[in-house]
Amino acid sequence: MKFYSTQLAYLFDDKEARRNLVSLFKYIGFLLLTMVVLSVGFQLIMHYVEGQSHTWVSAFYWTLVTMSTLGFGDITFYTDVGRLYSMFVVVTGIILLLIVLPFAFIRYFYAPWLEAQIHARAPRQVDGDLEGHVIFCNHDPVVPGLIERLDTEGVPYVLIESDPDRASDFYLDGVSVILGDVDDPATYEAARVQHAEAVIANRSDVENTNIALTVRETAPNTPIIAIAHSRDAIDILELSGCTTVLPLKHMLGEQLANRINAGHAECHPIGTYEDLVLAEMPVQGTPLEGRTVRNTNLRAETGVSIIGVWERGTLKQARPDTELTMSSVPVVIGTESQIQALNKRLTPYAISDHPVLVIGGGTVGEATARALLNRGIDVHIVERDASRCAVLRRLPATAFEGTLTVFEGDASDYALLDEAGIQEAPSVLLTTHDDAMNIYLASYCRRLNPKLRIVSRIVHQRNMEAIHRAGADFVLGYAMLGLESIWAALTDKELVVMGEGLDLFTRTVPAALNDQTLAESGIGARTGLTVVAVLCPNRDLITQVRADTRLEEGMNLLMVGTDAQYQSFVVQYG
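When you number the sequence shown by full-length UniProt numbering, it's gap-free, plus one each residue, and the end is 574.
Mixed in with the good hints, there may be bad ones.
Quick list of the computed label-pair ranges, beta carbon to beta carbon [said to hold, decoys possible]: (1) Gly-409 with Leu-130: 50 to 56 Å; (2) Ser-162 with Leu-44: 56 to 62 Å; (3) Lys-451 with Ser-230: 35 to 41 Å.
Result set (DSS-like, lysine-lysine): computed pairs, CA atoms no more than 27 Å apart in a straight line [what the hints assert, rightly or not]: (4) Lys-344 with Lys-316; (5) Lys-15 with Lys-26; (6) Lys-451 with Lys-316; (7) Lys-344 with Lys-451; (8) Lys-316 with Lys-26.
Quick caveat, the hints were computed from the structure, so don't treat them as lab data. From the three backbone atoms N, C-alpha and C, an ideal C-beta is built for every residue, glycine too.
Working from the sequences, and respecting the hints, build out all of it.
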């Protein structure tokens with residue numbers, strides 16, 4: 001009953017719906033008036049031409065039967081005048097009853113009724129006892145992954161959607177959604193924003209500013225995590241009341257810049273876990289190339305431990321006999337002082353003094369170039385848009401240690417790439433927002449320079465395997481970075497960006513695995529997760545994880561894998 005009352009309320013409250021109903025009633029009135037006039041004509045012809053007498057009920061009956069083309073034949077004309085009149089009434093009925101009336105009914109009543117059903121299908125408020133939930137202001141590429149992560153951790157959420165059609169689709173797909181406008185304080189009251197864990201403002205910079213100010217009217221203390229699309233918007237969003245501002249595109253550029261081989265060899269931090277630092281280190285151009293993990297002696301000489309090795313987009317477990325090749329990128333873990341000791345060992349070795357090639361000069365490409373220039377690495381950037389080239393050329397040269405050179409043109413032009421230094425460049429970064437273009441360029445650059453390290457961004461995770469087959473060494477997506485950044489802000493933890501759709505998960509040893517060896521647990525076989533380290537209750541870190549490593553109560557498992565694999569772990573082990 002409530003469902004139908006909501007539909008009726010929409011039909012009578014919406015201005016356009018009311019206009020439609022008025023138009024329908026006007027037509028029905030016109031139709032009734034036409035039937036009255038035709039009934040009068042029937043009476044006149046019957047009386048003066050046919051010489052018959054009929055009641056007014058019979059007149060209306062004949063008119064309705066004739067207009068609807070039923071023609072029972074119980075009342076008929078016998079003169080030509082009467083028959084001509086009957087033909088006129090039939091044609092009038094075909095037009096008004098069989099053609100116009102169905103159209104008017106569908107256009108002015110049935111279609112608005114269906115729209116009212118769509119409006120009524122998606123709820124307009126959350127349950128009255130909901131609390132500790134996350135509120136999303138838009139369904140962008142980052143949100144689906146976050147929803148899966150929240151479901152895995154048992155954290156409720158709600159999505160605000162202003163479009164009734166989309167809200168209905170989300171509702172039918174099982175997404176927790178409410179219908180409302182993000183600039184309406186009543187929407188946030190309906191979403192119980194005062195009791196929410198956080199609000200994710202993930203629209204445009206202008207809309208996010210409005211969202212922050214609107215939320216602050218209702219919930220002064222609820223954390224707001226905003227996505228900034230430009231550097232200039234960061235301060236504005238913070239002043240508007242945002243607790244955390246994430247410039248994701250600039251962060252993506254910086255993360256891509258950390259994955260290249262250029263200049264002097266050094267570790268590139270990718271995150272922290274408590275007082276430990278996770279970092280990636282190059283092998284190319286260092287004495288580590290060709291050695292096994294055991295023979296690197298890094299643990300004995302610096303204290304760091306190798307917990308995994310990247311090989312063309314695949315993170316392999318760091319076994320003692322794993323050989324480090326030119327394309328290998330080991331992932332190490334240690335204290336900050338131990339990482340610094342490793343850097344001192346690597347710094348004397350120069351990978352390459354040639355400029356790094358960046359293809360794509362948009363927001364991400366510019367952020368990538370800035371990060372490299374700040375490290376003193378020369379950058380050659382290829383951009384086909386003349387206006388973007390002008391912006392890049394105006395970057396202050398004195399603000400950076402490296403030198404920026406801009407090449408205007410299409411990256412598929414061999415002459416342009418050759419001029420930009422594709423043959424000598426140690427690394428190339430593909431930063432366009434078109435996955436198909438990045439796949440094409442990865443294949444092209446790999447053929448032009450087989451020794452090149454290719455780092456690329458992607459928009460859709462489904463293209464991960466394709467771009468690796470094309471030749472990319474490392475891939476990082478906007479959606480994955482957004483997921484990890486927002487999750488780190490929600491959980492108040494340090495950001496760890498593994499890349500390639502992988503994440504570092506920490507989980508206390510479940511009761512189901514207590515006193516089992518790693519081999520007996522079957523974690524890898526049953527979930528696909530890779531246990532890279534075990535943190536003991538006394539804070540000792542076991543990085544040489546073996547099949548006979550025994551899991552005990554109070555230990556924390558450090559595991560690498562996808563969200564789906566982690567969800568499988570939670571389901572199977574608790």
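Hints, one by one, checked against the model:
no., hint, in the structure
1, Gly-409 with Leu-130: 50 to 56 Å, "54 Å, holds"
2, Ser-162 with Leu-44: 56 to 62 Å, "59 Å, holds"
3, Lys-451 with Ser-230: 35 to 41 Å, "37 Å, holds"
4, Lys-344 with Lys-316, "26 Å, holds"
5, Lys-15 with Lys-26, "16 Å, holds"
6, Lys-451 with Lys-316, "21 Å, holds"
7, Lys-344 with Lys-451, "26 Å, holds"
8, Lys-316 with Lys-26, "74 Å, violated"
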